[in-house]
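Visitor: Construct the entire structure; sequences and hints are all you get.
Using the numbering used here, the first residue of the sequence shown is number 53, and each one after it goes up by one.
Simulated from the structure, these hints should not be mistaken for laboratory data.
In silico DSBU-like cross-links for lysine-lysine, where the CA-CA straight-line distance does not exceed 35 Å:
1. Lys117 to Lys102
2. Lys117 to Lys80
3. Lys168 to Lys102
4. Lys102 to Lys80
5. Lys80 to Lys168
6. Lys168 to Lys81
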Amino acid sequence: MPTSRRAPAPATPADDTGSAGGPVRTLKKYPNRRLYDTRTSSYITLADVKQMVLGGEDFEVRDAKTGDDLTRSILLQIILEEESGGVPMFSTTTLSQIIRFYGHAMQGVMGTLLEKNMAAFAELQAQFLNQGKGLYDPKHLAPEVWTQFMTGQAPALKGIMDSYLEQSRSVFEKMQQAGSLFPGIPGFPPAKK
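Guide: Here's what the structure looks like:
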């Protein structure tokens with residue numbers, strides 16, 4: 053997963069390491085909106101950056117002039133392109149709910165919850181892919197094939213997902229019950245006297 057590990061000062065590949073222990077790939081964004089890959093000494097596109105994400109490569113995007121970290125901005129651009137394409141992942145309702153959490157006292161908790169949910173889902177997907185190893189090439193698994201595979205796994209998947217969702221609900225309810233820890237914050241009940 054792409055990461056950003058440095059403060060706004062410009063980073064060089066030699067002074068920052070990725071999760072694999074090697075240097076984090078540094079991309080520079082120029083005012084003309086072009087992205088420059090310092091490793092290959094060439095200009096690249098958002099499609100190339102998407103391939104880095106899919107390949108699990110650690111990278112960071114820096115403003116060529118100021119050194120500011122722009123990694124999140126570039127990742128959001130990729131998501132926007134994907135969502136604008138033929139098969140969006142997020143419904144209008146889901147996007148609206150996410151927006152409502154910005155500025156809310158629970159914004160940080162929501163971010164953590166989404167991150168943990170994504171990690172759990174990725175682990176679940178890896179387990180399914182591992183179970184089906186040899187039946188197909190995961191690199192060429194189209195969304196339609198994945199959907200068919202998951203449909204065949206429906207009973208088992210439903211049980212796993214129901215259990216997972218129940219655990220998530222339980223954690224959230226416990227947080228709400230901790231309202232006395234957060235008096236006066238919207239969404240939490242007032243402290244009991």
